[in-house]
Amino acid sequence: MMAILFRILRRDAVRNRVIMVVIFALVAMSAFLLSSGAGLIVQLKTSIDALFAQSMAPHLVQMHAGELDRKQVEGWAAANPLVDQYQIVEMITVDGSHLTLGSWPSTEDNGVMDISFVVQNEHFDFLLDRNNQPMLPGPGEIGVPLYYREARDLALGDRVRIDTGAFSREFRIAGFVRDAMMNPSIIHSKRFLVHQSDYAALRSNLPGIEYLIEFHLSDASRTGELAAAYTEARLPDRGPSVDHRIFRVFNALTDGMVAAVVVVLSLLLMLIAVLCLRFTIVATIEEDYREIGVMKAIGMDRRDIRRIYLIKYIALGGIAAVAGYLVSLAAGPALRANITDFLGSAEAPLMLQLIPPAAAVLVGAMVVGSAALILRRVHRISAVAALRGRAVDGGLRRVGVLPLRTGRRAAVNIVLGIRDVTQRPRLFALVVGIFAVCSAIILVPFHFHSTLNDPSLTAYMGISRSDIRIDLRQTDRVATRFEEMVDTVAADAEVARFSPLVTARFTLLHENGTQESMAVETGDFSRFPLEFVKGAAPRGENEIALSVLNAQDLERSLGDSLVLLVDGKERALTVSGIYQDVTNGGRTAKAPIPVELSTRGSSIRRGLPTWTDTSPRLWDRQSHNWLG
Amino acid sequence: MKTMNTMNMSRTNSTVIEASQLTKNYVLGKDNELPALKAVDLSIQRGEFVAVMGASGSGKSTLLYNICGMDRMSSGRVLFNGVELSRLPEPALARIRLTNMGFIFQQIHLLKNLSIFDNIVLSGYLCGNRTRREVEQRAAELMEQTGITEIAGNDITQASGGQLQRVGICRALINKPDIIFGDEPTGALNSKASGEIMDLLGGVHREGTTVMLVTHDVKVASRTERVLFMVDGCIVAEKRLGAWPTDENGSDGGVAGVGANADGKAREAELAQWLIELGF
Chain A
61 MMAILFRILR
71 RDAVRNRVIM
81 VVIFALVAMS
91 AFLLSSGAGL
101 IVQLKTSIDA
111 LFAQSMAPHL
121 VQMHAGELDR
131 KQVEGWAAAN
141 PLVDQYQIVE
151 MITVDGSHLT
161 LGSWPSTEDN
171 GVMDISFVVQ
181 NEHFDFLLDR
191 NNQPMLPGPG
201 EIGVPLYYRE
211 ARDLALGDRV
221 RIDTGAFSRE
231 FRIAGFVRDA
241 MMNPSIIHSK
251 RFLVHQSDYA
261 ALRSNLPGIE
271 YLIEFHLSDA
281 SRTGELAAAY
291 TEARLPDRGP
301 SVDHRIFRVF
311 NALTDGMVAA
321 VVVVLSLLLM
331 LIAVLCLRFT
341 IVATIEEDYR
351 EIGVMKAIGM
361 DRRDIRRIYL
371 IKYIALGGIA
381 AVAGYLVSLA
391 AGPALRANIT
401 DFLGSAEAPL
411 MLQLIPPAAA
421 VLVGAMVVGS
431 AALILRRVHR
441 ISAVAALRGR
451 AVDGGLRRVG
461 VLPLRTGRRA
471 AVNIVLGIRD
481 VTQRPRLFAL
491 VVGIFAVCSA
501 IILVPFHFHS
511 TLNDPSLTAY
521 MGISRSDIRI
531 DLRQTDRVAT
541 RFEEMVDTVA
551 ADAEVARFSP
561 LVTARFTLLH
571 ENGTQESMAV
581 ETGDFSRFPL
591 EFVKGAAPRG
601 ENEIALSVLN
611 AQDLERSLGD
621 SLVLLVDGKE
631 RALTVSGIYQ
641 DVTNGGRTAK
651 APIPVELSTR
661 GSSIRRGLPT
671 WTDTSPRLWD
681 RQSHNWLG
Chain B
282 MKTMNTMNMS
292 RTNSTVIEAS
302 QLTKNYVLGK
312 DNELPALKAV
322 DLSIQRGEFV
332 AVMGASGSGK
342 STLLYNICGM
352 DRMSSGRVLF
362 NGVELSRLPE
372 PALARIRLTN
382 MGFIFQQIHL
392 LKNLSIFDNI
402 VLSGYLCGNR
412 TRREVEQRAA
422 ELMEQTGITE
432 IAGNDITQAS
442 GGQLQRVGIC
452 RALINKPDII
462 FGDEPTGALN
472 SKASGEIMDL
482 LGGVHREGTT
492 VMLVTHDVKV
502 ASRTERVLFM
512 VDGCIVAEKR
522 LGAWPTDENG
532 SDGGVAGVGA
542 NADGKAREAE
552 LAQWLIELGF
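Sequence lines, in order, name chains A and B. Read in order, the letters of the first sequence are residues 61 to 688 in my numbering. Read in order, the letters of the second sequence are residues 282 to 561 in my numbering.
Note that these hints are calculated values from the structure, not bench results. Backbone N, C-alpha and C fix where the C-beta goes; we use that ideal spot for every residue, glycine too. Among these hints, one or two may not hold up.
Stated by the list, open to error - Ranges between beta-carbon positions, derived for each pair:
#, chain 1, residue 1, chain 2, residue 2, range
1, A, I379, B, T412, 26 to 34 Å
2, A, L414, B, E365, 52 to 60 Å
3, A, L414, B, D436, 43 to 51 Å
As the list claims (entries may be wrong) - Simulated crosslink set (EDC-like; lysine to aspartate or glutamate; CA at most 16 Å straight-line):
#, chain 1, residue 1, chain 2, residue 2
4, B, K393, A, E347
5, A, K131, A, D297
6, A, K594, A, D627
7, B, K457, B, E488
8, A, K105, A, D401
9, B, K393, A, E346
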């Protein structure tokens with residue numbers, strides 16, 4: 061019997077080679093993509109796990125710029141039972157304009173990264189070399205973040221030069237470091253690793269010092285509690301607080317998105333393959349209707365009949381899945397190169413060997429399973445009906461629909477075409493379905509691209525539309541710098557309008573008496589209006605706008621009120637609008653509450669002065685030290 | 282439910298088909314039924330060569346489909362080799378059709394992805410009662426007997442209508458059935474090809490196989506031993522013609538022998554007269 065089935069397969073392949081090739085290509089492509097996507101995900105997860113384990117990444121990090129009372133922090137950490145280990149990492153911030161990397165023609169003046177120099181940590185949060193071992197550069201040597209190897213085309217042995225005019229020092233690149241915390245390009249901070257003696261020299265010649273206050277917890281899931289306790293204790297917190305889950309998300313983001321897109325694409329291709337398969341099988345059954353009827357009439361078992369048709373889809377799905385997997389096997393190392401380079405290779409290759417082939421098998425099984433399900437309609441064919449020459453669907457077509465006499469002026473051909481569509485709606489719906497999915501595959505990336513390039517996208521990030529937005533870094537001099545910046549901008553004739561904004565922390569009073577710290581952006585929001593999902597920008601001092609997530613968390617909608625402590629007094633604010641925001645975890649608020657930066661008290665924990673301008677331009681960094 | 286090994290069916294019983302009060306109504310809608318067979322009684326003995334004639338819509342094909350278990354009767358009973366078909370589930374009925382019955386249709390409807398030889402052996406393979414070698418040997422013999430050996434490896438599109446009908450006969454005989462059912466087996470053929478097919482069926486019958494044909498063709502019916510005439514779902518008349526005359530060598534007149542000898546022509550005329558009397 062198998063010999064006959066193979067002969068059927070061979071003849072069918074020759075007869076319908078075009079459709080077979082198309083379905084084969086779709087299934088093979090789907091298997092390749094799903095297999096590759098699964099491989100990427102496995103590699104990503106195992107590599108991140110390995111990186112985090114080897115580097116002993118901190119569970120919670122509080123960044124801080126400015127004076128630091130070490131004893132206060134250490135005393136608190138030593139007494140807190142949640143803390144397993146802690147350390148205060150000192151970092152020397154280096155202005156990009158003072159740094160030259162390799163033979164790159166310019167300094168890092170226009171670079172987007174905040175650059176810091178550090179020494180290797182003692183207890184945890186290690187910066188790793190290419191073998192995922194803590195890197196220990198010698199005197200005169202430097203470990204450069206992997207990001208710069210690609211961005212600045214660096215190689216081992218290249219030079220890194222710091223030159224402030226008054227002080228200069230040159231390092232030789234001894235290696236490229238993997239930094240579990242700051243590896244991804246989307247994190248705008250990078251750590252360079254140097255020897256203790258070089259660090260000491262830099263320390264005495266460069267003024268900028270920042271701190272990472274790092275905690276390793278005995279129970280990593282309780283970072284939220286520790287962060288809350290830290291805030292409660294009013295410990296140094298001029299800078300964001302980040303936990304290890306965010307590091308993981310950021311590390312996984314770029315390659316994870318690639319993997320996700322690949323998997324989605326694969327599923328769409330599989331859907332198209334199945335829809336094509338359905339179309340082909342239905343057409344084949346329609347074509348062979350009487351042959352199937354005769355086979356039933358002469359006593360062939362319906363399962364045998366189904367097998368005759370299924371064999372080619374088993375062969376097709378199987379060979380295509382294997383072909384797709386083999387291609388993914390060949391392309392795998394290239395596809396995973398970015399992950400293994402930045403995050404290191406995993407030490408658990410078993411999963412990597414099992415899951416991608418399993419994904420390819422899944423594609424093949426889905427195709428064969430779909431074919432088997434579609435072929436169940438063979439069971440519905442009546443031998444007698446087929447022999448008597450009745451229609452495939454047993455005469456169920458609605459012949460009365462749209463008789464030819466309707467639309468006397470319409471061309472007969474057109475009426476016949478429309479009749480056919482209305483009489484076999486499912487068949488044509490299938491064609492429309494295939495067309496829709498194909499269109500989606502083409503249009504989704506196109507729309508994704510145009511969305512990302514649309515200037516109004518920022519409106520969904522909680523940022524009103526303007527030509528320039530400047531965020532000032534948190535430092536001791538932030539109030540002075542803010543004022544200098546506002547003065548400079550106000551005096552610039554090219555600036556049509558601007559709006560200084562300050563993000564401050566206020567205490568939110570709940571009805572049950574509990575309190576919560578809340579970041580609120582303050583300023584005049586009427587100059588650069590934001591897109592609001594509901595309502596409008598806050599106008600008076602008693603109005604506030606909430607991000608969607610904040611509104612959901614606080615269970616507030618338009619017209620509701622909430623109470624903030626402003627200058628030590630309770631102030632009821634009415635929700636005037638709700639807007640989309642993805643910044644700060646999606647939880648932000650905007651209210652025109654006057655805040656004096658120079659008199660910042662405990663209510664102003666974090667100031668992020670912002671201004672906006674209507675004409676794109678750049679200010680000279682050298683002449684405006686508020687930019688530094 | 283009664284189970285049965287079709288191969289163990291008794292062949293000593295002289296009655297192959299025994300239908301009593303066989304009724305078939307087609308449901309056209311709610312409270313709207315079309316009677317196709319009206320309490321038909323029919324008995325076919327082993328080795329008989331029977332033709333069913335009648336006008337279009339008289340119920341000839343419906344009778345054939347119901348007594349072979351291809352269609353479900355509305356009421357009544359059909360015994361095949363002593364087994365009541367109406368009580369059997371579909372798979373068991375299919376098994377009986379595959380193993381004990383052979384079918385020849387007006388349009389042969391072969392599988393186009395198989396060669397002619399493969400189309401013939403497929404039923405034999407699926408039946409599973411004999412080895413592959415035996416099935417292939419049987420197919421080769423049948424093809425030789427029907428004169429289509431040279432097209433064994435051909436595609437079905439490379440054969441004429443007459444050749445395809447011979448393929449159908451080979452397919453019907455591959456499992457050595459107890460009975461051959463033919464539904465207008467020569468309906469799509471010219472008179473020469475039609476004669477050749479009837480010669481072959483005559484040979485099959487002479488070898489002991491029971492044959493039942495549904496036909497409009499007087500020439501075809503005259504080759505059988507017994508003719509049943511149907512009107513409006515009932516068998517209203519029956520004529521026994523006796524054995525087809527053969528020459529001294531046992532031949533039935535050679536290729537395209539329908540009506541080829543004088544006895545045959547007389548027999549055809551007699552049947553035609555009978556049919557005219559019945560208003561056909």
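Taking the hints in turn, this is what the structure says about them:
no. : hint                        : verdict
1   : A:I379 / B:T412: 26 to 34 Å : holds, 31 Å
2   : A:L414 / B:E365: 52 to 60 Å : holds, 56 Å
3   : A:L414 / B:D436: 43 to 51 Å : holds, 45 Å
4   : B:K393 / A:E347             : holds, 11 Å
5   : A:K131 / A:D297             : holds, 15 Å
6   : A:K594 / A:D627             : violated, 29 Å
7   : B:K457 / B:E488             : holds, 11 Å
8   : A:K105 / A:D401             : holds, 14 Å
9   : B:K393 / A:E346             : holds, 14 Å
In summary, the structure is inconsistent with hint 6 from the numbered list given earlier, while agreeing with all the others.
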